[in-house]
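Student: Spelled out, the chains give:
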Amino acid sequence: MKPDIHVLEDPEKIAAYLRDESSAFTGNAERVFLPRSAAEVAWILGQANDAGARVTISGAGTSITGSRVPLSGGWVVSMEQVRHPASERPPVGFEQVHRRDFSFFLDSAGKRAIVPAGVRLSELDEALERFGLLYPPDPTEMSAMIGGTVATNASGARSFRFGPTRAWVNGLRLVLPDGTPCHLARGQAFATQAEGCLAVEGRVWRFPIPASYRMPRTKNAAGLYLAPGMDLVDLFIGAEGLLGVITEVEIALIPRFGHLAATAAFFPTLGASLDFADRLRAGIDGKMPLSIEFFDARSLTFMRTAFPAIPGEAQGAILFEFAYEPAGRHNPFPSAATAMAWRKALEASHALSDWTAIGRDLAEMKKFRHALPEAINAWVRLRMGKLGMDLAVPGDRFREIVRAYEDSAATGVAFVLFGHIGDHHLHMNFLPENREQQETARRRYLELARQAAAAGGTISAEHGVGKKTITDESGNRVPYLALMTGEEGLRTIAGVKHAFDPDGRLNPGNMIPEGYQA
Amino acid sequence: MNAAPKQIVVLIKFVADIERIPQDAWDTERGTLRRDRLHMIANPLDDRALQMALELKARFGSRVIAVSMGPAAAEEVLRRAVAYGADEAHLISDAAFAGSDTLATAHTLAAALTAILGDRRREETVFLAGMQSPDGDTAQVPLQIASLLDLPVIPHASELVFPAERPHGFGINTVLADGTRLFHVERPPALVTLTGYAPMPPAFLPLSRLIEAGTAQIRQWSNADLGLPRDRTGLSGSWTRVVQIFSPDAGHREAVRLDLGGPVADDARLKQILTELETYVKSGSGAVKDSDTPEEAASASEAYYQGECLIVCEPEGTSVSAGSRELVSAGRRLARRLGVGNTACVPETGPRLDTETLSACGADTIVVLCPGAGAPESGSWREEQLAEALGELIRRRRPQIVLIPASLHGRVVAPLLAARLGAGLTADCTGLGIRDFTGTVEGKRAVFGQVLHQTRPALGGNIMATIVSLRGHENGSPQMATARAGIFPEERHTGAVAPVERVVCSPQSAPDHIRVVRTLHDAGGGPADSIERCDVLISVGAGLGDARRVETLARPLAEAIARRWNVTVGVACSRAAMEKGYLPHAVQVGQTGKTVRPRVYIAIGISGAIQHRVGMEGAGRIVAVNRDPEAPILGWSDIALLGDAAEVVPRIIRLLSA
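These protein sequences, in sequence, are chains A and B.
Its first residue numbered 1, the first sequence is counted upward by one per residue in the numbering used here.
Its first residue numbered 519, the second sequence is counted upward by one per residue in the numbering used here.
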């Protein structure tokens, strides 16, 4: 029986689902389904099986890798209306929290929640705020839907302290590619040393875990999570929709921070900035910051348009956040001992000056942080577009890669270097001004990505690879992921994909381009 | 005497942030406000006063003293003041002070300031404060402190200047309804209230400042230190009493939505909407609704007060301002209910006064205030001098009700006068009625008789409060209220022309260390009045995107409507648009600007902050042109035209001109 599912077929209405925030990909689709529940998603996937249709799952469209773009046509299933839990009644110990147009389950201890995939992070945060609770992963883009952030194992500045999304997912409700709904809770099903095995209602899916498959020693969002003895939940987190559709997420929560301070500190040299980041990473006075962010001298030049008071002699800046105990019941300032410890660390790294915000002034600090992407976007709008990188390396190889970034100045192509230095994860954005520079930047990009991968790092620390491809040294178009996993790694991923989706119809083109033969 | 101020006292009020009132702050079941849900901040204008103080400190090396009266939690705003650069901080806090109305607060603060200054001389001190705070928006306390401490006032300050030609002291530029007035302060004392746009406090401070702020000594003052009697502070010392707080009729309007963003032009529907609006504009005259006035229950009891109604009018040409005429009509209704006379009082400005119009509006008697021999002409009186003259007049005539227009001028005169008389004052009333007051006073529950019930919005229009003044009965002071123009209808009655009495007053001369060195009036002078009077008002917000669009979109639309519908059309703006320089303050609608009630209000690119809403929600029909389908204004508009102003407005003009 066909459930009453909303379907869009008008090309004008479909258009919005054929691209993502990068605008680098354009797809096409026959129709867009707007299911409201896991059961409806299962029904659609069942129909797609019968019809042999390709299916691309769509979240909020905030990706910049084309992961939600239906490059090879077929059907789109948008998760935007999956906004209520699948069960009618909350599990024992949970209650249902109703907001204007969505609901979720929250446990009475305030430690866990069960959230439908179509709820946006900003909506969830606003709802949790009323309970004094926090879902710690903070992918920069708060308009993303939670399902999308789990599918990409998204992370952000505070992943330094809290880890990426993976660390906060306790369980998933999924629909497997053939339309089978399944529920996976962390701690219930594990792989053996060489093989994983998922059993749902008498049916069994098996996938190999070759000893040769290596994951980076860093925060990572590229490739499948595959390790001997792994928890099966981890396979689906960050799988970019290859293996199933996430319809509901069980997450862990913590109490919200009472008081937060954010300090932007300016340094006379790049080295002093890196030293200070090391100091912060080790903790100050035994306490860890929530985030440690970096801006190089070139970034600061862009930011001066919006914040002219940035000291002219600054060659680098570190922005860090601390949760702190206030000095008194009606005194929201950090205690003298706490603030003095921060200040001593700044002095030890020869900081030129610092800007600190607490309370409502944190909003202005957010503007400071966003001043760089905004200035760059304004800059590239008039030019060629930027070439952005998302590399991370293990800590012991970090200075090495920073030197390589800096050496890129020799290419003569402008760039900025900034980002999540806490996780040894900087974004390098080339800003080419003509085709020739663009080519030069591409070649340099390839070198840097290979260097990061060789150092045990990742080629995409926070936003996945989606449908990205790259032209290699010999002029061949190859999957971006191949730079890190090599051909063999791609074959392993393709093998797991085959186990769950033999016809390759769910989210085709993610991680491995369609038609690519390793 | 030394021209440089030795110290600068900044008054900082701890207030609710009305821009962030949580949805559940109003307990609809119990009809009360959950104060614990409110975010508390320093009054933004006080923060700017502190920045002005720091500028003076940089110039003169003065010591900056931050003072706040409030609960223990107000410590936070004082520490912030220290972080910004204040040298000392004082918190005036005691359960005995709780519930103080404006005048009781002024008495408490006046006593506290005297104690805080101690041996330091008031004559060497400059006092700074915001003109008003967004929570109560009464604009009374600092001026009343000035009156009680006998300090000259410089109201509506917007700018601090150090003119090269005057090496001593400093200049303060201030805002008038139709221009600016520049004062020069040769030397202290002075009390300056800020209305405007001095620099914002910095969002970022170095850690060293945070350390200072966190560890600063906050001097606490309780009533054990000040020794105020019960009848000067707290609820028992208040002249006014809140008898009812209620949620304003949220005025939720279900908007007809028309999406004009798409490529398909729905001109037929838009044309139909325009035709309906035209019919609506022409169906009624005047835009006044008096729905905020509480029902006046029939009463058998006696009036609690004795005496007439007295309306303080502002001269304008040969007549008085529109706001004054409206209050004369409002006063007549109150006077008829009480069976007393209604007197219009006008400072003398010229040989000819249009007594016919004043009589027709409802004046039974007209009193002209004339300067005595040797006194300057009344047109040049400063606010303190007018308050003194009115004080004399009121002590003589003993009215039971005094109404004053809440113009920029009236908002200064009224609190000075109330402090002088020891009278309760309710600012910016939207409803005035005579009803029995039954309540508990001094532990006794009784029917007091008929008193003036004054209803006004508070917390930026999030709540309504009805207030009465009871204590005037003891000392013979009147019940006082102000109201903005455009709130009450101006009436026309037929009958005899009211007799004119001339009363001679000789207020003290203004202090010579503070001079008005320049007064500038805007050319034309008309727009300020006209936006409160026109049938249709086009109002632009920051969403317009470009100042030039005022001329290319808003004014052509105004002209097209005026021509096609044959009605009066004005162009106004939101505060955000005014701050971007699109249009002057004189045509700004909202809490810090004008209250308007046109038949049709067309808001272009205005998101609809609560402060804007309180200035225009009395409009007959609200039309919102906005790109953002989530803009708050759409929740209380009658018609929502979704789309970019640059496309929607020309389309409307085209349809109107077809």
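Source of the hints: derived by calculation from the structure; they are not laboratory data.
Just so it is clear, CB atoms sit at the ideal spot from N, CA and C, and this is done for glycine as well.
Among these hints, one or two may not hold up.
Stated by the list, open to error - Not everything, but these chain B residues come out facing chain A in the computed CB check (under 8 Å):
(1) G588
(2) A590
(3) R597
(4) T733
Unchecked claim - Estimated spans, in silico, between C-beta atoms of each pair:
(5) B/R1082 to A/P308: 43 to 51 Å
(6) B/S726 to A/T140: 29 to 37 Å
(7) B/S819 to A/R99: 33 to 41 Å
(8) B/D749 to A/P308: 49 to 57 Å
(9) B/G835 to A/T305: 45 to 53 Å
(10) B/E1069 to A/T305: 25 to 33 Å
(11) B/H686 to A/R304: 35 to 43 Å
Student: Check each numbered hint from earlier against the structure, then list the numbers of those it violates in ascending order.
Tutor: Of the numbered hints given earlier, those the structure breaks are 1, 7, listed in rising order.
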